[in-house]
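Asker: First to last, the protein sequences are chains A and B.
Letter by letter, the first sequence follows residues 1 to 149 of the numbering used here.
Letter by letter, the second sequence follows residues 150 to 657 of the numbering used here.
Calculated from the structure, these hints are not laboratory results.
Even glycine gets a Cβ: it sits at the ideal position worked out from N, Cα and C.
Treat the hints with caution; some may be incorrect.
Straight-line C-alpha distance at most 30 Å; calculated BS3-like pairs for lysine-lysine [said to hold, decoys possible]: (1) A:K74 / A:K114; (2) A:K74 / B:K378; (3) B:K445 / B:K400; (4) A:K74 / B:K546; (5) B:K645 / B:K321; (6) A:K2 / B:K260; (7) A:K114 / B:K535; (8) B:K545 / B:K378; (9) B:K260 / B:K535; (10) A:K114 / B:K445; (11) B:K535 / B:K546; (12) A:K70 / B:K392; (13) B:K546 / A:K114; (14) B:K321 / A:K2; (15) A:K114 / B:K378; (16) A:K74 / B:K585; (17) B:K646 / A:K70; (18) A:K114 / B:K539; (19) B:K383 / B:K539.
Computed far set for chain A versus chain B, every beta-carbon distance over 10 Å [as the list claims (entries may be wrong)]: (20) P40; (21) G94; (22) C106; (23) A123.
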Amino acid sequence: MKFDRFAAVAFLAVGVLFMIGSRNLSSSSYGSSVGPDIFPFVLGLVLAALSIRLFYEAYRSKRQESSKEKLEYKPFIIILLSTLIYILTLETFGYVITTFLFLFVCFQTMERSKWVTSLIISAGFSGIVYFLFVNVLKGTLPGWPIWFS
Amino acid sequence: MGTFDYLLQGFETALTWYNLLFAFVGVLIGTAVGVLPGIGPMSGVALLIPVTASITGGLPPEQAATSAIILLAGVYYGAMYGGSTTSILLNTPGESSSVVTTLDGYQMAKKGRAGSALSISAIGSFVGGIVTLIAMIALAQPLSTIAIKFGPAEYFSLMLLGLAAVSGLAGKSVTKALIMTVCGLLIGTIGIDNVSGIARFTFDVPWLYQGVEFLTIAVGLFALGEVFKTILEKEEDDGEIAKISNLIPSKEEFKESAGPIARGSLLGFFVGILPGAGATLASFFSYLMEKRISKKPEKFGTGAIAGVAGPETANNAASGGAMIPLLTLGIPGSGTTAILMGALMMYNVQPGPLLFEDHPQVAWGLIASMFIGNLMLLILNLPLVKVFAKIIETPKKYLIPIIIAISIFGVYAVQVSTYDLLLLLGCGVLGYFLSKNDYPIAPLVLGLVLGPMIENNMRRALTISDGDYSLFFTRPLSLTFLIVTALWLLIPVLLKKRGKDVVINIEG
Numbered sequence: 001m002k003f004d005r006f007a008a009v010a011f012l013a014v015g016v017l018f019m020i021g022s023r024n025l026s027s028s029s030y031g032s033s034v035g036p037d038i039f040p041f042v043l044g045l046v047l048a049a050l051s052i053r054l055f056y057e058a059y060r061s062k063r064q065e066s067s068k069e070k071l072e073y074k075p076f077i078i079i080l081l082s083t084l085i086y087i088l089t090l091e092t093f094g095y096v097i098t099t100f101l102f103l104f105v106c107f108q109t110m111e112r113s114k115w116v117t118s119l120i121i122s123a124g125f126s127g128i129v130y131f132l133f134v135n136v137l138k139g140t141l142p143g144w145p146i147w148f149s
Numbered sequence: 150m151g152t153f154d155y156l157l158q159g160f161e162t163a164l165t166w167y168n169l170l171f172a173f174v175g176v177l178i179g180t181a182v183g184v185l186p187g188i189g190p191m192s193g194v195a196l197l198i199p200v201t202a203s204i205t206g207g208l209p210p211e212q213a214a215t216s217a218i219i220l221l222a223g224v225y226y227g228a229m230y231g232g233s234t235t236s237i238l239l240n241t242p243g244e245s246s247s248v249v250t251t252l253d254g255y256q257m258a259k260k261g262r263a264g265s266a267l268s269i270s271a272i273g274s275f276v277g278g279i280v281t282l283i284a285m286i287a288l289a290q291p292l293s294t295i296a297i298k299f300g301p302a303e304y305f306s307l308m309l310l311g312l313a314a315v316s317g318l319a320g321k322s323v324t325k326a327l328i329m330t331v332c333g334l335l336i337g338t339i340g341i342d343n344v345s346g347i348a349r350f351t352f353d354v355p356w357l358y359q360g361v362e363f364l365t366i367a368v369g370l371f372a373l374g375e376v377f378k379t380i381l382e383k384e385e386d387d388g389e390i391a392k393i394s395n396l397i398p399s400k401e402e403f404k405e406s407a408g409p410i411a412r413g414s415l416l417g418f419f420v421g422i423l424p425g426a427g428a429t430l431a432s433f434f435s436y437l438m439e440k441r442i443s444k445k446p447e448k449f450g451t452g453a454i455a456g457v458a459g460p461e462t463a464n465n466a467a468s469g470g471a472m473i474p475l476l477t478l479g480i481p482g483s484g485t486t487a488i489l490m491g492a493l494m495m496y497n498v499q500p501g502p503l504l505f506e507d508h509p510q511v512a513w514g515l516i517a518s519m520f521i522g523n524l525m526l527l528i529l530n531l532p533l534v535k536v537f538a539k540i541i542e543t544p545k546k547y548l549i550p551i552i553i554a555i556s557i558f559g560v561y562a563v564q565v566s567t568y569d570l571l572l573l574l575g576c577g578v579l580g581y582f583l584s585k586n587d588y589p590i591a592p593l594v595l596g597l598v599l600g601p602m603i604e605n606n607m608r609r610a611l612t613i614s615d616g617d618y619s620l621f622f623t624r625p626l627s628l629t630f631l632i633v634t635a636l637w638l639l640i641p642v643l644l645k646k647r648g649k650d651v652v653i654n655i656e657g
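Assemble the whole structure, with the sequences as input and the hints as a guide.
Answerer: In structure tokens, the structure reads:
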């Protein structure tokens, strides 16, 4: 399987990198004969060994491609990108506005219908969560755009 | 003070108005999580950790920990009740531990006996829950007394056993499960080393100094991963919800299910205690057992009430049983209990033998609240089952984006960092692709939670023995744990070689 072979190489790289990384740590610390480097080094070694085993397993069972199922890439990409934009703009534009826009876009991406209901739910969610968290529970959230307050 | 006094104190804690409220909210959300096929108990609990953390923020630490764990545990066992509802009414299991309930439950519903099936499974779940609680109370003190004598070497070996048990039973390939475990352990080493104070694998990024936050990883891998799966693999939900008539089972039905309920409670409890085996396996075994000892095995699959009563009792009993190693030994045996353990550690409460001494309020408050919670669930599930069945009609259109929004809100409220949100999103994408390709996620989270403890115990043991590794093999108890660990990993491999089917745990 393609994914497994790719994953095996990636895990091998991670294992080796952890081994190299732990070589650079000092090997013993005060009062202990076992330093901070041993545990990650051994784990890196085990991970590398396991990924070689995985590669071998994937190589042996290679002609077993499962039937292709149809995946809904378009809504996934849109929602993924809007989540990313939401995360990156959260601190600048504040919670209420970004959450409202994010939810509205995602609702309509999932199914393009009843935009009034979507509008009400997204406004309600962002407003209520902000109010409950900041006013009732006294938590901190960036509420409004920086230049607003 | 004896166990009984502690238990009374626990009830005192659990019966305060806000803890009652927390238990109620927990089991209510748990039932909803159980009913909704999109999210399972693991993502439900993970999603609620940050939310509860922000709600309990104003309470003193010990009280906050008690209330939070009462709510989160409520979600866990509440989901076991809720899962049966959709299995019976729709032939769609709400989560993996209710898969076998569909076999006979849906057939019963087709014959117009949905009401009996639902009430028997609620009653069975209740009995199973109560039986394990009593067993838990009986076992808590003795087990902690034994565990308190463990040295670091024993702990190290016992934790390895816990990891091996979960990896050996999770998913289709042991190699993949082990890879995920090791990855979890490695992620756990990032940050400032507890013993030497040296920063490891942080690349001078201040955000990494305190380590990778367990919460962010768990919410991302479980909750967001499942959300992305639902978006990508859009299923047209068809099938009609069966009508619920007469909720009260007949006398014969009661008679027929009394045996399965009693056996299911015991079986579920013992399967639950075993690390690695969880509610899913318990319900599966219970079904097989009922079919084998039944006088009319041909009736199974056509609507036998024993096929609903047994598994539904067993899965709830197992979810209670799984709490025992977590609370007394500090070793979670499944993905969900690993998340609960992570939640406790967020409040600086270390599960383990000292829990009952250091934090009796947390331990006994939780146990007492589980009595109350199970009672609430019984009351909620019998008359209100029709209302819960409606939850399944919640349109995915609104549900999915709101789950994403709650994950982001929760992680940001606790961590207040955009980096954590980016990590959350990354884990979500990774979680989808990993579980799609049969890489189980529960072992990774377990490794992440246990990693620092395993390392600390290993280094303490080696410091005591002055770097002599034979220590782990010369101490008898430690050696026993290590041998069991090796057997646990080797036996499934050997069985597979001989062409036998190995039962695996999908739930983790």
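Asker: A separate judgement is required for each hint: does it hold in the structure or not?
Answerer: Each hint, compared with the structure:
Restraint check for K74 of chain A and K114 of chain A: satisfied, since their Cα atoms lie roughly 20 Å apart, inside the 30 Å limit. Of the pairs offered as hints, the one joining K74 of chain A and K378 of chain B holds, with about 13 Å between alpha carbons and a cut-off of 30 Å not exceeded. Simply put, K445 of chain B and K400 of chain B have alpha-carbon atoms about 19 Å apart, close enough for the 30 Å limit, and the pair holds. Between K74 of chain A and K546 of chain B, the direct Cα distance comes to roughly 15 Å. Compliance with the 30 Å bound is thereby established for this hinted pair.
Our distance criterion of 30 Å between C-alpha atoms is met by K645 of chain B and K321 of chain B, whose separation comes to about 11 Å. Our distance criterion of 30 Å between C-alpha atoms is broken by K2 of chain A and K260 of chain B, whose separation comes to about 46 Å. For the hint pairing K114 of chain A with K535 of chain B, the CA-to-CA distance comes to about 27 Å; that is within 30 Å, so the pair holds. Taken as a hint, the K545 of chain B and K378 of chain B pair is honoured in the structure, with Cα atoms around 12 Å apart against an allowance of 30 Å.
Proposed proximity of K260 of chain B and K535 of chain B is supported: the alpha carbons are some 18 Å apart, at most 30 Å. For the hint pairing K114 of chain A with K445 of chain B, the CA-to-CA distance comes to about 52 Å; that exceeds 30 Å, so the pair is violated. With a CA separation close to 22 Å, the supplied pair K535 of chain B and K546 of chain B stays within the 30 Å bound. For a cut-off of 30 Å, the pair hint linking K70 of chain A to K392 of chain B is broken: about 33 Å separates their Cα positions.
Simply put, K546 of chain B and K114 of chain A have alpha-carbon atoms about 11 Å apart, close enough for the 30 Å limit, and the pair holds. Of the pairs offered as hints, the one joining K321 of chain B and K2 of chain A holds, with about 17 Å between alpha carbons and a cut-off of 30 Å not exceeded. Between K114 of chain A and K378 of chain B, the direct Cα distance comes to roughly 24 Å. Compliance with the 30 Å bound is thereby established for this hinted pair. Only pairs whose Cα atoms come within 30 Å are accepted, and K74 of chain A paired with K585 of chain B is accepted, the gap being roughly 18 Å.
For the suggested pair K646 of chain B and K70 of chain A, the alpha carbons sit about 34 Å apart, so the restraint of at most 30 Å is broken. Annotation: proposed proximity of K114 of chain A to K539 of chain B holds, straight-line Cα distance about 20 Å (limit 30 Å). Annotation: proposed proximity of K383 of chain B to K539 of chain B holds, straight-line Cα distance about 21 Å (limit 30 Å). Residue-level check failed: P40 of chain A sits 5 Å from the nearest beta carbon of chain B, not beyond 10 Å.
Every beta carbon of chain B lies more than 10 Å from that of G94 of chain A, the smallest distance being close to 12 Å; the non-interface claim holds. A beta-carbon of chain B comes within 10 Å of the beta-carbon of C106 of chain A; the shortest separation is about 3 Å. With a minimum CB-CB distance of about 13 Å to chain B, A123 of chain A clears the 10 Å threshold, and the non-interface call stands.
Consistency note: the structure conflicts with the earlier hints numbered 6, 10, 12, 17, 20, 22.
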